[in-house]
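Novice: Protein chains in written order, with this note's numbering: chain A, 653 to 900; chain B, 653 to 900; chain C, 653 to 900; chain D, 653 to 900; chain E, 653 to 900; chain F, 653 to 900; chain G, 653 to 900.
It is worth saying that the hints were derived from the structure and are not from the lab. Since the structure is predicted, the reported quantities are computational estimates derived from the model, not experimental observations. Among the hints, erroneous ones may be present.
In silico DSS-like cross-links for lysine-lysine, where the CA-CA straight-line distance does not exceed 30 Å [as the list claims (entries may be wrong)]: (1) E:LYS706 with E:LYS815; (2) A:LYS686 with B:LYS723; (3) B:LYS768 with C:LYS815; (4) B:LYS706 with A:LYS686; (5) B:LYS706 with C:LYS706; (6) F:LYS768 with A:LYS815; (7) C:LYS768 with C:LYS686; (8) E:LYS686 with G:LYS723; (9) F:LYS768 with A:LYS686; (10) G:LYS686 with G:LYS706; (11) G:LYS768 with G:LYS815; (12) D:LYS723 with E:LYS768; (13) G:LYS768 with F:LYS815; (14) B:LYS723 with C:LYS768; (15) B:LYS686 with B:LYS815; (16) F:LYS768 with G:LYS706; (17) B:LYS815 with B:LYS768; (18) C:LYS686 with D:LYS723; (19) B:LYS686 with C:LYS768.
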Amino acid sequence: MQGQTQQQAYDRGITIFSPDGRLYQVEYAREAVKRGTPSIGVRTDDGVVLLVDKRISSPLMEEASVEKIHKADDHIGIASAGHVADARQLIDFARRDAQINRVRYDEPIGVETLTKDITDHIQQYTQVGGARPFGVALLIGGVTGGEPRLFETDPSGTPYEWKAIAIGENRSTVQEYLEENYDETLPLDEGVELALRALGEIRDELSPEGVGVGTIDAETGAFLELSNDEIQEYLSDLALLEDETADE
Amino acid sequence: MQGQTQQQAYDRGITIFSPDGRLYQVEYAREAVKRGTPSIGVRTDDGVVLLVDKRISSPLMEEASVEKIHKADDHIGIASAGHVADARQLIDFARRDAQINRVRYDEPIGVETLTKDITDHIQQYTQVGGARPFGVALLIGGVTGGEPRLFETDPSGTPYEWKAIAIGENRSTVQEYLEENYDETLPLDEGVELALRALGEIRDELSPEGVGVGTIDAETGAFLELSNDEIQEYLSDLALLEDETADE
Amino acid sequence: MQGQTQQQAYDRGITIFSPDGRLYQVEYAREAVKRGTPSIGVRTDDGVVLLVDKRISSPLMEEASVEKIHKADDHIGIASAGHVADARQLIDFARRDAQINRVRYDEPIGVETLTKDITDHIQQYTQVGGARPFGVALLIGGVTGGEPRLFETDPSGTPYEWKAIAIGENRSTVQEYLEENYDETLPLDEGVELALRALGEIRDELSPEGVGVGTIDAETGAFLELSNDEIQEYLSDLALLEDETADE
Amino acid sequence: MQGQTQQQAYDRGITIFSPDGRLYQVEYAREAVKRGTPSIGVRTDDGVVLLVDKRISSPLMEEASVEKIHKADDHIGIASAGHVADARQLIDFARRDAQINRVRYDEPIGVETLTKDITDHIQQYTQVGGARPFGVALLIGGVTGGEPRLFETDPSGTPYEWKAIAIGENRSTVQEYLEENYDETLPLDEGVELALRALGEIRDELSPEGVGVGTIDAETGAFLELSNDEIQEYLSDLALLEDETADE
Amino acid sequence: MQGQTQQQAYDRGITIFSPDGRLYQVEYAREAVKRGTPSIGVRTDDGVVLLVDKRISSPLMEEASVEKIHKADDHIGIASAGHVADARQLIDFARRDAQINRVRYDEPIGVETLTKDITDHIQQYTQVGGARPFGVALLIGGVTGGEPRLFETDPSGTPYEWKAIAIGENRSTVQEYLEENYDETLPLDEGVELALRALGEIRDELSPEGVGVGTIDAETGAFLELSNDEIQEYLSDLALLEDETADE
Amino acid sequence: MQGQTQQQAYDRGITIFSPDGRLYQVEYAREAVKRGTPSIGVRTDDGVVLLVDKRISSPLMEEASVEKIHKADDHIGIASAGHVADARQLIDFARRDAQINRVRYDEPIGVETLTKDITDHIQQYTQVGGARPFGVALLIGGVTGGEPRLFETDPSGTPYEWKAIAIGENRSTVQEYLEENYDETLPLDEGVELALRALGEIRDELSPEGVGVGTIDAETGAFLELSNDEIQEYLSDLALLEDETADE
Amino acid sequence: MQGQTQQQAYDRGITIFSPDGRLYQVEYAREAVKRGTPSIGVRTDDGVVLLVDKRISSPLMEEASVEKIHKADDHIGIASAGHVADARQLIDFARRDAQINRVRYDEPIGVETLTKDITDHIQQYTQVGGARPFGVALLIGGVTGGEPRLFETDPSGTPYEWKAIAIGENRSTVQEYLEENYDETLPLDEGVELALRALGEIRDELSPEGVGVGTIDAETGAFLELSNDEIQEYLSDLALLEDETADE
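Chain A with its partners taken away, still in its complex shape:
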């Protein structure tokens, strides 16, 4: 009880350290990420796979409108977990940033450069008063100079590079699956399968409309979103396909 009262004293203002040197508002923003449906990123030698879970609350909602995977530029895709409206702000920031790079330097922005521009932007919201931190984590995948890269941004504004990673709800179960099964020599389509099987760890069944998959091929360097038919084929092959008669 004592400890709890103390904590309450420091967790309200974003620009305040607690006596043990923590920023509670940033940690609470991380909780907002954990409340979101999961997203998964897998990087292999052949490219990057982004997978998002798009569960919907009503059969009348359009799954396509559940925005969790975004094209930031021709060669970069971004998946998010957490506060959806906050994610949209960062995606907009990313797109403008990528476009400015093309205009100024006449070349596509580096995946790492873009990531760090975004994390610098996020950090400002954790130090300067008058606003709250972003309640969202991003997975930024892309190809720079023929090399696939996969980054994560968290609400503190720290960038991390990953071979494979899960963010959002039930993150640890999915991450454990990835750690046990990851192999960086996988062809890109097996990377998609790895991501789908990892999500399958926390879902009994999946529907083509309930997930979104984007890939960036190291060779072409182009971000592509899979069609529902393509996803259906993957799910069917992996025996993860939901029984369609139930919901529609």
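Dock chains B, C, D, E, F and G against the given chain A, drawing on the hints supplied.
Specialist: Same frame as chain A, now just chains B, C, D, E, F and G:
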């Protein structure tokens, strides 16, 4: 009691996360939406229907002045539920945005583009200090490239696309009716009937003056508001017409 | 007691929603309106009548200085109830707005346009921090295109159109009288009588100096204030005239 | 006790309404006015009289430095009650305003126009955060177009016009005397006598140095301050003169 | 106890009135003045005398650096009591103001004009948020048009004119002495003696280094500070001289 | 308990001193530094060594993305401990500062100059409101005029120069080891060994990927990062190499 | 207890007076000065001596980097006690101020002028909101017109001139020693000895690296820092030299 005290600690500032990663002021703004009279949107292959409930507090009030359905542009209508004055601000924003699009690109704004511009605007009021979130939800219906679209915006600034949706008071009863009876192949006039019957689930009788109906036909791509006579005919056909002798 | 404590927690900042989605500061501003002496508006096919109650605290005060009825433009009058100094700010806003319209478009501003400009202005004070809402309601009467219009603005910034309406102290008694006796085919002078009789419901006697009456005739489209002699005649005819020997 | 605690909750921020629609900071500013020594205004057909009480705390203080009566322009005088330093700010505002009017329109400012400019200025301090209301009331007397006018401004920013009025300490006793003895046909010198006798109701004796008297004659339209000799004569005639042997 | 709790509720923000119309922060700033060593001003027909008490905390401190008497312009001196650093700000303001007057109008600033410019500046700090009032009172002495003037400014920003006045610690004892012994026909050197004897009322002995004396002669109109030798002579004549063997 | 309550009263606002003259928010920011993995700096006559610990939370995270050692300019490296996102802001500041120096003066920035520019920047965040202090300490190593320099910055904005220093977790154990074994005549490669052995005091084993090493040679004046192979060789020589079979 | 609670109510905001007219935040900043290692200033007819104590926390720290004595201009040195990072800000301010004086007036800035510019700057941080006071005291020594001057600035922004003074930890013991042994006719080198012996009162032994000494000779008017060898000689002569075998 303990839980309640804790909650109180986090729900006052809009720019503050609670320890479980929630933004209480945004959630309370959603309550303002639930306090509003209901609005309904139905999208079929032939177009979009927007229906609003305009109950009035005195027989001397002009029903027409109960602003719940608005023309944002020739091809887009917007219905609202919640804080009326807040809705007016967003409608103004939408109209300016649509007009700017026409001037700049010499073409009508896309329904999705407009929706996202509005949700970006809403999101700002949930992150930056010094103002409160908008206490209103919008249904944005229109036709882009011959295709009917129906979006919802909520107080967090998240856009959702729907086949059919209810917002405001008694939302779940109306939404349930829509889920059970929706058919995307309905002609537009049957879409109107579906919406009216859905509202009838929570009202014993309806008057032509007490509801507002707007439609956007996929073919013409034009937003039209039904006259009281047209609404009367619908209500009469559906046996939802209120006994006129009572009130006037 | 519990409920009361909770309420206190949310009713101090204007930019804060309560858990049930209400804006207490706006509701308290409505109480400021209810503390004001009543104002009445009546719209008939022939024009609009605005009536204000100007009770004074000392016989040495000039009744004319109790500002409750104002000319906003040649064709528009405004009556208020509530915080007088706040009303003056909105009247000034209205006059500037009307003048700008004449300069820009070379035509008188529409009554509805003016009303909505005012309510947009009011709404800002309920959403953005650093100021309180306006503690006043306005009745805006005028003629646009030959058609009489009567609007109300409330402290939330919502516009309503009325056939007849009372605001301020004892509003419900006066409104009830209006609802029972209103007839939109009344000639304008009978509209004045209806308003005076409605006020008589909550006053035993009235003096010419203690009320103010403004009319906008549909035909001439001009706002006119009645002289004390004209009011005296009305009161005398209606047997509402106060016994003059008492006060002066 | 309950009531008292509730009140305390709302009376600290100037931009906050209490649940019953009151602005406590404005009401407390009115208390600052009541703590001030009284000022009196009398308007007759022949002009306006302003009278101020200048009691001093030490015989070594110069009575002339107790600033309670001011010339705003050739034709307008202002008397105050309440917070002296606040009054000085409003007087400065009034003088600048009057001067600007002369420069712009090449004619003296109207008494009513000046009053309303001042009350608009005062109102801002009751609605916008970051400052407190003015703790002062003003009596503004002058002549416009040959007609004497006498206005009061209060801390809420409301203008009132009066035939005769008292503000400050023991206001009700003085006002009562004015109400019983006022006659608008009095010549200007009898207006001075009325004001002095009214002040005499709450003072046993008066000294020429302890009061200040200003007049604006309707005919000349000029603001004049009476000399100590002139005041002495009035006091002597009215048997209100203090026994000089006592204090000096 | 009850009263004390209530007071605490209103005395923290400078821009807040208490329920009885007082500004506690201004009153507390007056306490800062009372904590300061005393300063005395005496005005006679021949000029103005300013006397300050410069007690020091260590024999190694330079008495000259205890700044309590300042030359604002050739013809104006200022003595202070209270917060020394605050006094320095106002002295700087006064010097700039005096200089600007010389540049603009090519003549020395009037003593009253300067005083009122300073009090206007002080008042701002009592009404607008974001700063505290000045914790200092000033005595402003000078000659305008051959006439000696002596003004006091207090933390509320009110100007007073005096024949003779004491501010700071033990003010009432000194002021009482002045009231009993003041005579406006005193030659300037007897004015100095009166001020020294008044200070002697609250000090057993005085040293030439422990006091500062400035005079403005009506004839020459020049501000002069007395040398230690001159002060020594006065003190010796008045038998107020401290026993030098004790301290140095 | 009493003491604890008092402390809580002063440790929330960054711009507030506690009664004993401490700035708690700065001290809490120092706790954030102590929560970070350790960094070590060693300066010898031959150059400067920077060593950072890059422990990672998952084998799928890229160690290279754990940013703890940075090149600020050709001749200056910076290592950090504490809040990673905050460190990135200061590194960006340092790089811009170094670049501006080159452009303006056409020469590399001095190590001490750069350090003081950074600490000035940090200090602002401890004095001015609206932001929190930086939760990070930096080690800034470089060569100026052929002379190796090693500085530390702390969250208060104080610069210190060191021969050898550890910051972050378990600082005192590492620092003790450095104090006992430091010798300023060490060749640069033995400086690297000293730093690695010091880190070994608090780690049982180290992997080439788990540490980062940067050196600035006094002769060349160039900042270089060691490759994993080079680090492996050092670790192998020092018998600090982790058993590779365990983790990968 | 009661008193303590009351105090707590007023000591948090820097812009708030307590009921007895004190500014607690300024007084707490003075405590920060008392927490700092001591600095001493001695002024004789031949010049000024500044002595600072530079105790260090680790033998690996460079004593030279403990910044407590600074050259502000060729003829002015500044020693500090208290918050080091705050001192750096004021030193920067002093240097810019001195430089501007040279540019503008083509002559060195006066010691008193510089001191007062600094105290004006400090005072702002005690009156205007949004920042805290400076937690540091400065000793400013220099020569103006051939005359040695020694000033102190405190956190309130008050300037004092001294013959000899100690600030920081154990101030009263050192000051007492100075008061008993000061003689203004001392040659400059004996001034250095006096300062060292005064510091010896609170230290058993001193090392050349542990103290810093700066002098400004009245004749040359140049600020010089003593080398470690020179300090060693002084300490050796005074038998204050620490036993070197112990620490290094």
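Novice: Would you mind marking each hint as holding or not holding in the structure?
Specialist: The hints, checked one at a time:
1. E:LYS706 with E:LYS815: holds (23 Å)
2. A:LYS686 with B:LYS723: violated (39 Å)
3. B:LYS768 with C:LYS815: Violated. B:LYS768 to C:LYS815 sits at ~39 Å, over the 30 Å cutoff.
4. B:LYS706 with A:LYS686: Violated, because 40 Å separates the two Cα atoms, which is more than 30 Å.
5. B:LYS706 with C:LYS706: violated (35 Å)
6. F:LYS768 with A:LYS815: violated (39 Å)
7. C:LYS768 with C:LYS686: holds (22 Å)
8. E:LYS686 with G:LYS723: violated (40 Å)
9. F:LYS768 with A:LYS686: Violated: F:LYS768 and A:LYS686 sit about 41 Å apart, past 30 Å.
10. G:LYS686 with G:LYS706: holds (15 Å)
11. G:LYS768 with G:LYS815: The given pair, whose Cα atoms are some 18 Å apart, holds under the 30 Å limit.
12. D:LYS723 with E:LYS768: Roughly 16 Å separates the two Cα atoms, so the pair holds.
13. G:LYS768 with F:LYS815: violated (39 Å)
14. B:LYS723 with C:LYS768: holds (16 Å)
15. B:LYS686 with B:LYS815: Status holds; Cα separation ~20 Å.
16. F:LYS768 with G:LYS706: holds (19 Å)
17. B:LYS815 with B:LYS768: holds (18 Å)
18. C:LYS686 with D:LYS723: violated (39 Å)
19. B:LYS686 with C:LYS768: Roughly 25 Å separates the two Cα atoms, so the pair holds.
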